[in-house]
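**Q** Please model the entire structure based on the sequences and the hints provided.
Heads up: the protein sequence lines correspond to chains Z, U, F, L and W, in order.
Note that the numbering used here has the first sequence beginning at 5, numbered continuously upward.
Note that the numbering used here has the second sequence beginning at 5, numbered continuously upward.
Note that the numbering used here has the third sequence beginning at 5, numbered continuously upward.
Note that the numbering used here has the fourth sequence beginning at 5, numbered continuously upward.
Note that the numbering used here has the fifth sequence beginning at 5, numbered continuously upward.
Among the hints, a few may not be true.
Because identical chains cannot be distinguished in the list, a pair is counted as satisfied if it fits within a single copy or across any two copies.
Cross-link-like lysine to any residue pairs, in silico, SDA-like; alpha carbons within 25 Å at most [to be verified]: (1) Lys166 x Thr83; (2) Lys300 x Ser213; (3) Lys356 x Ser218; (4) Lys356 x Val54; (5) Lys106 x Asp271; (6) Lys231 x Glu82; (7) Lys231 x Glu199; (8) Lys223 x Lys357; (9) Lys171 x His91; (10) Lys231 x Ile267; (11) Lys127 x Arg230; (12) Lys171 x Leu93; (13) Lys300 x Gly217.
If you're looking for bench data, these hints aren't it; they were derived computationally from the structure.
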Amino acid sequence: MGIHHRKASSKAGLPPGTLMHVGERKAEEVQVTVMQYNGSDLLEKDGVSVRECEALPADESFVSWINMSGVHEAGIVETFGRVFGLHPLLLEDILHTGQRPKQEDYEAYLFIVLRMLSFDVEKRELLSEQISLVVGPRYVISFQEREGDVFGLLRERIRGGKGRIRKMGADYLAYALMDAVVDQYFVILENFGEELEALQDVVLSGPASDTLGSIQTLKREMLWMRKSVWPLREVLGELQRGESSLMGPEVLPFLRDVYDHSIQVVDTLETFRDMAAATLEVYLSSLSNRMNEVMKVLTIIATIFIPLTFIAGVYGMNFRYMPELEWRWGYAAVWLVMIVAGGLMLLAFRRKKWL
Amino acid sequence: MGIHHRKASSKAGLPPGTLMHVGERKAEEVQVTVMQYNGSDLLEKDGVSVRECEALPADESFVSWINMSGVHEAGIVETFGRVFGLHPLLLEDILHTGQRPKQEDYEAYLFIVLRMLSFDVEKRELLSEQISLVVGPRYVISFQEREGDVFGLLRERIRGGKGRIRKMGADYLAYALMDAVVDQYFVILENFGEELEALQDVVLSGPASDTLGSIQTLKREMLWMRKSVWPLREVLGELQRGESSLMGPEVLPFLRDVYDHSIQVVDTLETFRDMAAATLEVYLSSLSNRMNEVMKVLTIIATIFIPLTFIAGVYGMNFRYMPELEWRWGYAAVWLVMIVAGGLMLLAFRRKKWL
Amino acid sequence: MGIHHRKASSKAGLPPGTLMHVGERKAEEVQVTVMQYNGSDLLEKDGVSVRECEALPADESFVSWINMSGVHEAGIVETFGRVFGLHPLLLEDILHTGQRPKQEDYEAYLFIVLRMLSFDVEKRELLSEQISLVVGPRYVISFQEREGDVFGLLRERIRGGKGRIRKMGADYLAYALMDAVVDQYFVILENFGEELEALQDVVLSGPASDTLGSIQTLKREMLWMRKSVWPLREVLGELQRGESSLMGPEVLPFLRDVYDHSIQVVDTLETFRDMAAATLEVYLSSLSNRMNEVMKVLTIIATIFIPLTFIAGVYGMNFRYMPELEWRWGYAAVWLVMIVAGGLMLLAFRRKKWL
Amino acid sequence: MGIHHRKASSKAGLPPGTLMHVGERKAEEVQVTVMQYNGSDLLEKDGVSVRECEALPADESFVSWINMSGVHEAGIVETFGRVFGLHPLLLEDILHTGQRPKQEDYEAYLFIVLRMLSFDVEKRELLSEQISLVVGPRYVISFQEREGDVFGLLRERIRGGKGRIRKMGADYLAYALMDAVVDQYFVILENFGEELEALQDVVLSGPASDTLGSIQTLKREMLWMRKSVWPLREVLGELQRGESSLMGPEVLPFLRDVYDHSIQVVDTLETFRDMAAATLEVYLSSLSNRMNEVMKVLTIIATIFIPLTFIAGVYGMNFRYMPELEWRWGYAAVWLVMIVAGGLMLLAFRRKKWL
Amino acid sequence: MGIHHRKASSKAGLPPGTLMHVGERKAEEVQVTVMQYNGSDLLEKDGVSVRECEALPADESFVSWINMSGVHEAGIVETFGRVFGLHPLLLEDILHTGQRPKQEDYEAYLFIVLRMLSFDVEKRELLSEQISLVVGPRYVISFQEREGDVFGLLRERIRGGKGRIRKMGADYLAYALMDAVVDQYFVILENFGEELEALQDVVLSGPASDTLGSIQTLKREMLWMRKSVWPLREVLGELQRGESSLMGPEVLPFLRDVYDHSIQVVDTLETFRDMAAATLEVYLSSLSNRMNEVMKVLTIIATIFIPLTFIAGVYGMNFRYMPELEWRWGYAAVWLVMIVAGGLMLLAFRRKKWL
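**A** Below is the structure:
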């Protein structure tokens with residue numbers, strides 16, 4: 005948290021369009037891979053240089069997917085910009101990896117920013133990565149911050165050549181990428197759901213000292229996810245209305261579908277947030293409950309024994325003239341009194357339902 | 005909760021339109037029943053095969069209601085899709101039983117998703133089931149997740165042949181199905197209302213240890229119901245505006261009526277949610293109240309007896325020269341002092357209204 | 005609360021338009037009264053049969069106000085419906101007395117549902133009754149759930165023949181009825197205001213054990229009133245925009261006036277709700293305050309006397325060799341020590357401002 | 005609070021337009037003053053009779069400002085209404101001094117209701133007074149509830165004859181009146197700001213018993229001010245859009261300016277409300293903090309001395325065979341044990357940072 | 005806080021357009037600097053008199069940036085107004101330095117108000133300064149409250165002559181100024197983020213007595229920042245829609261960019277506010293937790309030793325006939341009983357997980 009702001013501030017005052025990577029450096033080296041396909045053929049290349057990409061979009065019968073992992077080298081992104089004629093502010097947004105999801109229509113191409121979420125199970129941490137898509141008439145360029153993504157199955161589908169994807173255009177590819185990102189959100193939600201259930205169980209059975217911290221961590225992660233999902237919903241809402249000429253009519257039902265999914269994600273997230281808030285409430289009132297229990301134990305013990313100790317204290321006094329001390333059954337009588345008094349106390353507590 | 009997310013995530017990355025059931029398998033086997041009627045005649049068949057359905061919509065004088073219970077066999081749903089020419093994404097939505105209520109106009113037919121709620125009285129649990137309706141010009145196909153529904157009385161009305169339903173078209177049938185689902189919501193609300201009243205009584209008379217859990221369970225159930233009802237309201241709002249040509253003008257007043265009902269459900273639900281929140285507040289402050297009571301008892305007992313014990317302790321000391329010990333009435337005087345001191349304490353407590 | 009839901013659920017599944025009373029039966033028998041007036045003449049009849057009403061609207065020079073108290077006899081309402089050509093769903097809404105305020109324009113007549121509130125001073129309970137108005141070109145039919153209403157002064161004005169009402173049409177009569185209902189809301193608000201002031205005083209001076217319950221009851225009543233008033237505001241807002249041809253232009257300023265009043269009611273209600281929430285806050289923190297006070301008393305007493313008792317205990321030990329016990333002024337010295345110790349404690353408490 | 009509702013309810017059921025004063029009677033007698041001015045001349049009269057006003061608006065070269073203080077005599081207001089041809093509902097609104105700010109365009113004149121706030125420093129109370137403005141083509145009539153207003157400097161400006169006001173029309177005069185009212189709001193806000201700062205200091209340094217009451221009073225006053233300011237913002241927003249022909253184009257920038265001010269008032273008020281809520285939070289948690297402190301003192305004292313008293317009690321027992329009692333250094337050893345035990349306790353507390 | 009309201013109130017009642025500085029006097033003396041540039045040339049002058057400015061905008065090939073630091077001398081601002089033909093209300097807004105961000109289109113020029121925030125690291129205080137921009141066709145006039153601003157790097161860029169700025173018009177200069185202000189917000193956010201992280205650590209590890217104050221200060225500062233940022237978002241939203249003819253089409257993408265940034269600021273600020281609220285929650289429940297711990301210690305000690313002290317008290321009684329006292333192993337037996345009793349207590353506490 006806060007890290008990209010630190011970096012962003014270091015750039016305050018520089019002219020807009022200055023290409024300089026702002027954000028955490030997440031990848032070791034920049035990797036460019038290319039997939040080109042049409043209904044019948046598929047070309048796939050790894051470690052492509054930017055210059056080689058130049059020739060790609062020329063071939064109109066193919067759909068080209070250029071994927072770049074690692075955006076910390078401003079020079080490579082700049083070359084991309086020159087080759088594909090991208091606006092400097094767009095390139096800046098690719099390099100500043102703290103963007104909120106948005107879409108901008110530059111007529112010749114569509115610029116879409118998404119956030120790809122993943123859950124680092126080991127550190128129990130939510131990772132967020134910026135995915136920038138440039139969607140042209142026959143190509144899609146995707147920029148990721150690091151290697152490793154949620155597009156593995158999509159690549160398989162392209163390679164497999166079955167299904168719709170090989171027969172459709174770049175707009176469908178862009179949809180498929182967005183769909184993969186949103187599908188991943190359901191995995192995250194599932195994680196949240198499980199954690200939430202676990203926390204609810206813990207809170208009801210007996211919270212440990214770190215329960216509060218876990219609830220707050222979960223709440224914070226859901227807050228961060230919300231920051232990614234809410235604007236995405238708007239982005240998809242705008243896309244599915246079909247205002248951009250780059251999104252063909254045959255893709256619109258699919259965009260509507262992924263839009264529906266994003267609403268579902270938002271809905272579920274809000275429900276989870278409400279449930280987390282309720283869990284916190286239960287936790288806090290369980291604190292009060294336990295305090296009550298502690299106080300009751302103290303009160304019962306003190307209320308029974310303090311008066312009895314007083315009685316014992318009375319007959320521990322050393323007055324010369326204390327007739328009771330001389331009585332034959334004085335000691336027994338005092339025990340009797342004490343037992344009766346204690347018993348009455350216990351009865352009173354039972355009546356108040358403290359026992 | 006969370007179950008369908010687990011399943012949905014297992015499908016992340018698959019191509020859209022892949023027909024595969026996602027959700028809990030709730031029915032043993034798929035059941036297809038058909039009712040065909042017009043003003044004078046009624047045909048009713050159980051255990052129909054999908055192929056037999058193919059001929060149905062051809063008969064224009066009849067309204068056909070095809071009902072399928074159990075959607076876990078993707079193959080059967082796919083056959084339906086082929087027979088009736090349904091869009092693959094629509095079929096996917098039928099199979100993925102975690103949809104939020106929505107309506108989609110596919111020109112040739114209208115696709116409506118609802119959620120049918122029921123209350124499992126035994127387990128005190130709210131059950132939610134997805135109902136998908138495909139409304140064509142002369143047919144309605146309904147897909148349920150399991151056998152058993154809220155359409156029993158509707159079937160009776162069709163069989164009875166009285167009233168409006170036999171004289172009207174498929175749009176009225178669709179309305180009647182939605183109306184039955186919304187009517188059921190009132191039954192759920194009634195359950196909530198009763199539970200809420202019971203909880204309010206419990207909280208005021210003396211909350212038990214599971215009261216908090218019950219309030220939270222109720223709140224959570226209302227949260228889940230809300231997820232079903234809010235989007236339904238929008239769906240019905242859009243339908244009653246009459247934008248779809250499949251909904252004839254004579255059905256619009258009825259749609260407006262069921263829309264009104266859905267607003268009433270939303271209203272009442274929100275009121276109940278406010279009341280549940282208030283009940284929680286009362287519960288929490290009753291905890292504080294009881295803590296106050298416990299503390300008062302402790303304070304009264306301790307404040308009276310600790311000083312008296314001190315006095316007794318003083319005269320239990322073994323100093324050689326303690327003149328009081330030798331006095332004739334020393335013991336009696338000490339009792340007097342202790343009784344007066346205790347009495348004054350009691351008076352002070354009465355003044356503070358602690359007694 | 006909840007009662008009409010119980011009943012409504014018993015009707016779940018019946019065909020729409022089935023005329024059957026749903027709601028609490030509040031009146032003993034159905035009473036139909038008729039007032040017919042123009043600028044010069046006035047006819048007034050009690051205990052009219054529905055059949056007699058049939059002739060009424062025919063007379064165009066008169067405005068007819070037909071009032072029916074008690075709606076539990078579906079048959080009579082049905083007859084009305086047939087005589088005046090009312091839509092079955094409208095009749096259903098009249099019989100199901102749990103409607104939220106709404107207005108529906110049926111071209112030939114306007115259907116308006118309001119909720120008349122009254123305050124049962126004895127039981128300190130808010131009563132809510134549905135008033136359904138059917139406004140035709142020359143007649144108004146009003147349906148009430150029980151006898152006794154807020155229209156007494158309105159009847160006097162009609163009988164007195166002074167003022168505007170005798171000169172104007174059915175739309176003005178409808179306005180006058182709505183105005184009377186809204187005016188009554190101010191009486192309710194006044195009641196709430198007084199109760200709120202009383203509760204604020206109680207909370208500040210020293211809350212009793214039922215204070216929390218009273219605050220919650222008040223909050224709940226305001227919640228219920230809100231349910232009646234918010235939709236009414238929308239209803240009046242739509243009416244005053246003059247979209248219905250049944251509301252003539254000369255009535256619009258009056259409708260705007262009653263619309264203003266309804267906004268004022270909503271405003272005041274929201275302010276009262278905020279104030280009730282603040283009162284609850286004060287109550288809760290007064291609980292904490294009192295707990296603090298109780299704890300202080302306990303702490304002061306215990307902190308002073310427990311150490312003193314310890315000192316007394318020390319010299320109550322029976323060791324053979326305790327030199328202090330033999331001292332001439334040992335006893336006096338112990339008293340001195342104890343008094344000084346106690347005094348220092350008191351000083352410390354005064355410094356902490358606990359005394 | 006609540007007073008005008010009490011009165012308003014006493015009028016429930018009367019015909020609309022019945023002129024009768026509803027509200028607190030705040031002025032002794034009705035005062036009518038008139039100022040007439042153009043660029044060169046100024047006529048000023050006190051104690052004018054309504055009849056004399058009749059001739060005023062006829063003179064087209066002058067702008068007339070008629071100010072009436074005290075609206076409890078319905079007769080005078082009625083005469084005004086007849087003389088200037090005002091709508092009965094407008095007159096009713098003037099007399100019922102509980103209106104929320106609004107503006108109504110009656111074509112021939114504009115009716116504006118504002119609320120003038122003042123702060124009674126002595127009673128520390130917020131006073132609210134209704135100002136009704138009738139803005140005609142060449143006149144402004146202002147109705148106040150009592151003598152004394154915020155228009156003193158405005159009168160001076162008119163008398164001084166400098167600045168814009170003498171050269172402009174009645175619309176500018178109306179603007180100047182509204183501006184004076186809104187300027188006064190800043191004075192109120194300043195008062196709130198000072199009180200808030202004082203309360204924040206008190207809460208941090210050590211809250212007294214009436215702190216809670218002061219915070220709540222402040223919150224309530226801000227709530228009441230909000231009721232006046234929010235609708236005013238809408239009123240000014242509508243006016244500055246220039247929809248009324250009575251507001252000339254040269255006045256619109258000024259209206260935009262006062263509209264800006266009203267937004268600033270709303271903004272600051274909302275910020276203050278948030279800050280008051282935060283102050284309450286601090287107050288409440290300072291209660292918890294002090295409770296913690298009290299409990300710590302009790303616990304430290306009790307935890308140290310109760311075990312020591314137990315040890316002393318043991319050696320106060322009268323068993324015949326207690327070898328320790330006979331030891332030469334038994335007494336000293338017990339003291340040693342007790343001192344060590346007490347010291348260890350203190351160390352433990354220091355470790356827990358309770359000391 | 006509140007300071008400018010105090011001053012603003014001192015002006016209540018004065019005629020609008022009266023030029024008088026309202027606000028804290030933040031600069032020692034007024035400084036006017038001018039930068040004039042085109043693609044090739046740059047003129048830069050310090051300590052310019054207003055009269056010298058008069059000639060500036062005449063030169064059409066140059067873009068002129070006139071910057072005035074210190075607005076407390078109304079006379080200079082007034083001269084500016086006369087020279088550039090600015091509206092009196094605009095000048096008033098420049099002098100009253102408590103404006104909320106806004107933009108007003110005066111056709112000949114555009115008036116934009118921003119708030120420049122800075123963080124006084126020493127006093128840990130958020131400083132807010134009003135920046136007023138007047139954007140003409142070929143000039144920008146900026147008014148600051150004090151010397152020292154966030155435009156240093158911008159000046160360097162102009163001087164350096166590289167990049168876009170020297171080739172573009174006054175609209176781009178205005179954009180660059182706004183961009184610098186918004187960039188500075190990220191620095192502030194970074195500060196907030198760091199403070200928030202520090203507070204979260206403190207709260208989890210063990211809050212000090214001033215933790216609550218720090219949280220509240222942070223919340224208040226974020227509240228103040230919010231007041232500056234929310235309206236700015238609207239201002240930039242309006243500007244980027246390109247409604248003003250003074251903002252050329254080539255600047256719109258840049259305005260959209262800074263608009264995006266402002267949304268990002270708002271988003272992050274809201275997230276931080278939620279996190280601060282969560283931190284407060286954690287703090288408050290850590291108070292409860294510590295109270296619980298304190299109570300447990302007290303209860304354990306008291307519950308173990310009070311009964312033991314009672315037993316010791318019993319055998320400290322002086323009854324003549326107490327058989328146990330005479331027993332050979334009485335003393336040992338009592339010790340045994342006490343040890344067993346104490347051990348059982350400890351076991352019970354362990355079971356309740358209090359130890």
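**Q** Would you mind marking each hint as holding or not holding in the structure?
**A** Evaluation of the provided hints:
1. Lys166 x Thr83: between (34 Å within a copy, 20 Å between copies)
2. Lys300 x Ser213: both (22 Å within a copy, 15 Å between copies)
3. Lys356 x Ser218: between (36 Å within a copy, 23 Å between copies)
4. Lys356 x Val54: neither (81 Å within a copy, 62 Å between copies)
5. Lys106 x Asp271: both (20 Å within a copy, 13 Å between copies)
6. Lys231 x Glu82: neither (28 Å within a copy, 38 Å between copies)
7. Lys231 x Glu199: both (20 Å within a copy, 21 Å between copies)
8. Lys223 x Lys357: neither (37 Å within a copy, 28 Å between copies)
9. Lys171 x His91: For Lys171 and His91, only the inter-copy Cα distance (17 Å) is at most 25 Å; the intra-copy one is 30 Å.
10. Lys231 x Ile267: both (14 Å within a copy, 12 Å between copies)
11. Lys127 x Arg230: Intra 20 Å, inter 34 Å, cutoff 25 Å: intra-copy only.
12. Lys171 x Leu93: between (33 Å within a copy, 17 Å between copies)
13. Lys300 x Gly217: Between copies only: 22 Å across chains, 28 Å inside a chain, cut-off 25 Å.
Consistency note: the structure conflicts with the earlier hints numbered 4, 6 and 8.
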